[in-house]
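Enquirer: Produce the entire structure from the sequences given, and follow the hints as far as they go.
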Amino acid sequence: MRPTQSGTLGVLSRWITRLRDSPVPFLLPALAINVAIILIPGLLTIAMAFFEWDGASTPGFVGLDNFRTIFADPVFFSALFNNIKWTVIFLTIPIAMGLGAGSLLLVAKRGRTFFQVVYFLPVIIATVVVARVWQGMIYNPESGIVGWLKFYGINLADPLTHPPTALYAVASVDLWHWWGFLAVIFFAAFRQVDAAQIEAAVIDGASFFQLLRYVLIPAIRPTITLMMIMTIIWSFLAFDFVYVLTQGGPAYASEVLSTLSYRYAFYNYTMGPAAAVALVISFFGLIATFFYVRIQQREGNQ
Amino acid sequence: MNQTLGRGTLLAAYFMLAVAAVIALFPLSLMVISALKKSTEIVANPLALPSTLQWINFARAWTDAQLGRSLLNSVETTGFAVVLICSTCSMAAYALARRTGPGLRWISAYLLGTTTLPIQLYLFPLYFGFAHLGLIDNVFALSLVYTAVFSPFAIFLLRTYYLAIPKELEEAAIIDGANRWQVFTKVLLPLVSPGILTVAIISGLNIWNEFLISSTFLQSHDQQTAVVRFYTLGGQYTSDWGEIMAAAILIVAPAVGFFLLMQRRFIQGMAAGSVKG
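Going down the list, the protein sequences come from chains A and B. Just so you know, we're using this note's numbering here: the first sequence kicks off at 618 and counts up by one. Just so you know, we're using this note's numbering here: the second sequence kicks off at 290 and counts up by one.
It is possible that part of the hints are untrue.
[Claimed, not checked] Result set (DMTMM-like, lysine to aspartate or glutamate): computed pairs, CA atoms no more than 25 Å apart in a straight line: (1) K327(B) to D775(A); (2) K475(B) to E457(B); (3) K702(A) to D811(A); (4) K767(A) to D529(B); (5) K726(A) to D821(A); (6) K475(B) to D465(B); (7) K767(A) to E330(B); (8) K475(B) to E459(B); (9) K327(B) to D353(B); (10) K475(B) to E460(B); (11) K726(A) to D811(A); (12) K327(B) to E759(A).
[To be verified] A short list of chain B residues far from chain A (calculated; beta carbon distances all over 12 Å): (13) A310; (14) G423; (15) D426; (16) K475; (17) V476; (18) D511.
Derived by calculation from the structure, the hints in this document are not laboratory data. Treat the numbers as computed from the prediction; the structure is a model and nothing was measured. Glycine included, C-beta positions come from ideal geometry on N, C-alpha and C.
Expert: The structure is reproduced here in structure tokens:
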């Protein structure tokens, strides 16, 4: 029989046992890094949104002035509107392409792996490289396809330097880079659909489109919803392609909130408005997260 | 179901899939053929095949972009970050898989929330903080940032692997006298190693390709990663698209080779973690 431990030694030994069995030491390294890199700087950004700071001098409290500054800046609203356009584009075209290709892969049993690999290839290529390939080899009026079309009498302006088309030209590149991901995700989801259900529909004489419309899409609705919510979140985070291809130009025509925030911080050295824009972006992300969690919970309850 | 859907449907399906494949491959083929052409040939006809193969483009890209040095920086950054992510997140995921409680639920919610935040929400104070501490141009400090950014994805993915392991296995080991740390390293880690490999591959690829964070924190010429050097190459050093495309191939090749080698795990992992590159 073990003697009962008492006094400070006993307390200490109980603490050691508790600590050894507690999840805290396991969580600590990952959480410490996360808190140092994301939480603390994030809280500082929230505070910064209410201060005036150029990155070097002593910050001064200005209340809501930074928000007044950004709301008075017409570029802020055009950037916000561009994010909304971006969201609409990405909620429709790549999701439709992904659903189309994903369902066709279900029909085409032979060569399925090959097509999946090909569709996924653009996804794994660095955004900067993708951007330069499109910039130089497709949009460029001298070295690209746009320039080559001139030989055939089709005169196009460089879509990236033409204000009405700049945002769409940038979005097209991201679209090309991105849609294969959705095709692969949706195909994986379609494969989980009950085979008997599909067969029954086919025996009843359903065409491919009827099968898609009445059986396949309803069966993977949770996946589609999740991808749509993620699309909304990612659309408000869009940065790389805009930054590399147009820097938000020409004349802010393709500016989005994330590039505007970056411009305020590292071009104008006005940290306050940069932080205020970052808060606006985060606000949209948090709304989407709220719906994401709600849907996850509902699925969990089913 | 193919028989009943009919030959016509099947033919149409393959036709559409082939069209989509051409769309996916067309810009990549332009990249490859242009990398082997003189810039005058590219301007004359971007679609034509090279008359003579200009391997010199690769040599010039290598020296102008100092790709040797910058690829090494990319390898270091990616390596440090992947090791940190795999070690810290395999531990954290274990804690989140085995314990429940309001505290841990809040931690999960916090981690999930950080994945939806813009990098700009923490980038600016982090930049000035790092500058103050002399951590700009420090590859190890940059890999800490990546660890924080990719840890929620890694933790949630690994958590599903831990949940699949029956509890009895751990209990048996504890009865045999193992403590929790021994159970973790000797019993659980070998079982979740496929998940750790998936995490390493997905986060490694994304870090190799990453631009915004690395271009902010690595500024001196000698410290830049390959992707950031490639960005400045097109902007400052050359307007020869043949050379730029050659540099593009040199940077993309390791990622593509790796992907083709492990495509199944890649696709599964990306699907499970839903990471946007």
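Enquirer: If a hint holds in the structure, say so; if it doesn't, say that too.
Expert: Now for the hints, and whether the structure bears them out:
Distance check on the hinted pair: K327(B) and D775(A) sit about 22 Å apart at the alpha-carbon level, within 25 Å; holds. Taken as a hint, the K475(B) and E457(B) pair is honoured in the structure, with Cα atoms around 15 Å apart against an allowance of 25 Å. Simply put, K702(A) and D811(A) have alpha-carbon atoms about 36 Å apart, too far for the 25 Å limit, and the pair is violated. Under the criterion of a C-alpha separation no larger than 25 Å, the hint pairing K767(A) with D529(B) is consistent with the structure, at around 20 Å.
For a cut-off of 25 Å, the pair hint linking K726(A) to D821(A) stands: about 22 Å separates their Cα positions. Taking the CA atoms of K475(B) and D465(B), the gap is about 13 Å. The hint holds against a cut of 25 Å. For the hint linking K767(A) to E330(B), the alpha-carbon distance of about 16 Å falls within 25 Å, and the restraint holds. For the proposed pair K475(B) and E459(B), the alpha carbon gap of about 10 Å is at most 25 Å, so the pair holds.
As the CA atoms of K327(B) and D353(B) are separated by approximately 16 Å, the hinted pair is consistent with the 25 Å bound. Proximity of K475(B) to E460(B) is assessed by CA-CA distance (about 13 Å); at most 25 Å being required, the pair is judged to hold. Simply put, K726(A) and D811(A) have alpha-carbon atoms about 17 Å apart, close enough for the 25 Å limit, and the pair holds. Only pairs whose Cα atoms come within 25 Å are accepted, and K327(B) paired with E759(A) is accepted, the gap being roughly 14 Å.
The beta carbon of A310(B) is not kept farther than 12 Å from every beta carbon of chain A, the shortest such distance being approximately 5 Å. No Cβ of chain A comes within 12 Å of the Cβ of G423(B); the nearest lies about 16 Å off, and the non-interface call holds. At the 12 Å boundary, the C-beta of D426(B) stays outside the reach of chain A, the nearest C-beta of that chain being 16 Å off. The claim that K475(B) is not at the interface with chain A holds, since no C-beta of that chain comes within 12 Å of its own (minimum 15 Å).
Listed as a non-interface residue, V476(B) keeps its Cβ farther than 12 Å from every Cβ of chain A; the least gap is roughly 14 Å. Residue placement check: D511(B) keeps its beta carbon more than 12 Å from all beta carbons of chain A (closest about 19 Å).
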